[in-house]
Every structure is written in structure tokens, then in C-alpha cells.
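S.K.: Chain by chain, the residues run as shown.
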Amino acid sequence: AQSVTQPDIHITVSEGASLELRCNYSYGATPYLFWYVQSPGQGLQLLLKYFSGDTLVQGIKGFEAEFKRSQSSFNLRKPSVHWSDAAEYFCAVGAGGGGNKLTFGTGTQLKVEL
Amino acid sequence: NAGVTQTPKFRVLKTGQSMTLLCAQDMNHEYMYWYRQDPGMGLRLIHYSVGEGTTAKGEVPDGYNVSRLKKQNFLLGLESAAPSQTSVYFCASRAVADTQYFGPGTRLTVL
Numbered sequence: 117a118q119s120v121t122q123p124d125i126h127i128t129v130s131e132g133a134s135l136e137l138r139c140n141y142s143y144g145a146t147p148y149l150f151w152y153v154q155s156p157g158q159g160l161q162l163l164l165k166y167f168s169g170d171t172l173v174q175g176i177k178g179f180e181a182e183f184k185r186s187q188s189s190f191n192l193r194k195p196s197v198h199w200s201d202a203a204e205y206f207c208a209v210g211a212g213g214g215g216n217k218l219t220f221g222t223g224t225q226l227k228v229e230l
Numbered sequence: 026n027a028g029v030t031q032t033p034k035f036r037v038l039k040t041g042q043s044m045t046l047l048c049a050q051d052m053n054h055e056y057m058y059w060y061r062q063d064p065g066m067g068l069r070l071i072h073y074s075v076g077e078g079t080t081a082k083g084e085v086p087d088g089y090n091v092s093r094l095k096k097q098n099f100l101l102g103l104e105s106a107a108p109s110q111t112s113v114y115f116c117a118s119r120a121v122a123d124t125q126y127f128g129p130g131t132r133l134t135v136l
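In the order they appear, the protein sequences are chains A and B. With the numbering used here applied, the first sequence covers 117 to 230. With the numbering used here applied, the second sequence covers 26 to 136.
No false leads were slipped in.
Sample of chain B residues with no beta-carbon within 10 Å of chain A, all distances over it, derived: (1) Thr79; (2) Thr80; (3) Thr134.
Covered stretches of chain A (chain B as the covering partner; in silico rule of three or more C-beta atoms under 8 Å from a C-beta of chain B): (4) 160-174; (5) 221-228.
Within a straight-line C-alpha distance of at most 30 Å, the following computed DSBU-like cross-link-like pairs (lysine-lysine) qualify: (6) A:Lys165 with B:Lys96; (7) A:Lys217 with B:Lys96; (8) B:Lys34 with A:Lys165; (9) B:Lys95 with B:Lys34; (10) B:Lys96 with B:Lys82; (11) B:Lys39 with B:Lys82; (12) B:Lys34 with B:Lys96; (13) B:Lys82 with B:Lys34; (14) B:Lys34 with A:Lys177; (15) B:Lys95 with A:Lys217; (16) A:Lys227 with B:Lys34; (17) B:Lys82 with A:Lys165; (18) A:Lys165 with A:Lys217; (19) B:Lys82 with A:Lys217; (20) A:Lys217 with B:Lys34.
Calculated from the structure, these hints are not laboratory results. Ideal Cβ placement from N, Cα and C applies to all residues, glycine included.
Extracted from the complex, chain B is given alone in its bound form:
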């Protein structure tokens, strides 16, 4: 039982490049979330999903897209990376009426 895993752990992009972050959970959780963490700002919700095939915007969705084609996976895409997207990205999942469990994070640098 691996819990919540994130791929990759680190990535460096140039401005304008695209990439996809993968979040996987093996707990059969319905809900999944993507957050970004920046110094002094805590965690902010980017997008979330309440079930397979559904997604919704969070607090800071601009510049990101997501997909939840399979229940266990939640992908976060950056179509044209910008330096302002340099951050640590965390994925989380939870079952109904339970707490969120977090992955180890992906550190992204955009040059």
C-alpha cells in the first residue's frame, strides 16, 4: 500500500515548455486534489476532483489543466510554463467523510 505517490519528484523547465505531473493513489479514494505551496503562503488549491471523469477549479486554477480519466490517477498539466509557476506541488486524496492524505510533493522550477 503506497498511499499517494507523485511523479516526478523534481523538474526544471524553461519558460514556455509544457509538462504533466502525475498523482496516483491506491486507496480507492473518490476525491483528489492538487495544491501548490509557496513560501509564506501556505498551500493553495489549484484543482480538485470529486470522482472519475470530473474536475473543478480551486483557488488558483489559471495556467493549469487537470484530468481524472481513471479513479486512481489525477494529472496536472502546465501547457506553457511561466516562472510564476515555480513552486512545490502537492497532491492529496481522501475518501468520503475522511481526511486528506498528501503525497511527498514535486518541486518544479521554471527558468
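Extracted from the complex, chain A is given alone in its bound form:
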């Protein structure tokens, strides 16, 4: 069975600083990988996804993530954080055809200091 680990429960960064959120996965085949963001009281919004091809994927809101098969990682990065990026971020791995079922990590809560 697949699993996802997000080792950082909370992260605080200053506005304008760079950001990296860690995600490690366990899956026996080629994974489908996703990052979602959730603002308080809201549903989940897709930031980016990796299905195949280029291991560096670009997403919305200036986010990017790099798939590293050797490290079983899919870390999320942003070069300069904005106060509006404060939210909870979830990494997920998809199993089955086209990532049919998603297994989520426990999330990382991002706080942005002004």
C-alpha cells in the first residue's frame, strides 16, 4: 500500500523568504504525485501534479516541485513567499489507473510572518 510522509507539521517563514515543504512517498510503481493547498474553512485546491516526463513541475501561484525517484521525494518550493500563501499544504500519491485513489500526507501548516 502507498503512503505519504510530510515530516514538518508546522513551518513559519518571513514574507519574501524562500520556502520548501518536504514530502516523501512510498509506492511500488511509478507514482502520480500531487500538491494541494487548503485555506481555512475551504476545500482543497490543486497546486501542481506529476504524472510523468520532466521531473520539475510548475504549478499555480508560483509554486514548483521536483520529483526525485532516488529519494522518493516530491518537495514543494517557492522562491518568495507572500502573506497570502499562509495555509495548509497536502502532498498526495495516486494509485491505480491515472492516480485513481489518493493517499494524503498529514499536511504542513504554513505561517507567514510579515
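With chain A's structure known, arrange chain B on it following the hints.
M.R.: Frame of chain A, contents of chain B only:
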């Protein structure tokens, strides 16, 4: 185009009561999912459907039933609610070889 909608947004139940949560999507998606979200545990899959008339169990199916009588609707039922089912419930849908799109959630409290 409303995307994925969920009804109701909030609900308070007493232990033993029953209720049905409705998820509707207007994107003609084949696949639909029900998740629950609990603090510190991320989202966990309850049940899912790969097409009209089909359903399957996810990671945490006990205490829940589902039905997919129409392609656009996916219902989640609690026959006898328990306090352990207090949670935020999210529905999602997707097309073949695409990503999942989530609804806004239903906050359920069982007293």
C-alpha cells in the same frame, strides 16, 4: 458551471441519528470520492465510485454507506451516527486520467 457542490455545509446530529450527505458535480466526471478530514490525519478515503451504479470501499468505510444512482450525484449515508464520525467530509470528482477536484466540505458534529 458550479464544479463540485456539497449539501449541507454544516450539520449537528445526536448519537444514533441518520443522515445523508449529497455531492453533486456538473463536469460529467466518471469518478467520485468521499473523504473525511480529521486534525493531524490528513484526508482519508471512505468510499469511491468509478462510474454510475458502482461503488467501492476506501480506507475507512465502516459506519458509512454510499450510492451512485446518477452519474452526477454521489451520496454518503450514516445509518447510526457516532461521535467518532465527527469530522469534515469532502467530496471529489475527476475525469479519466485527470486530477481530483474537491468540493467545499461538510462539517458534521455528532453529539
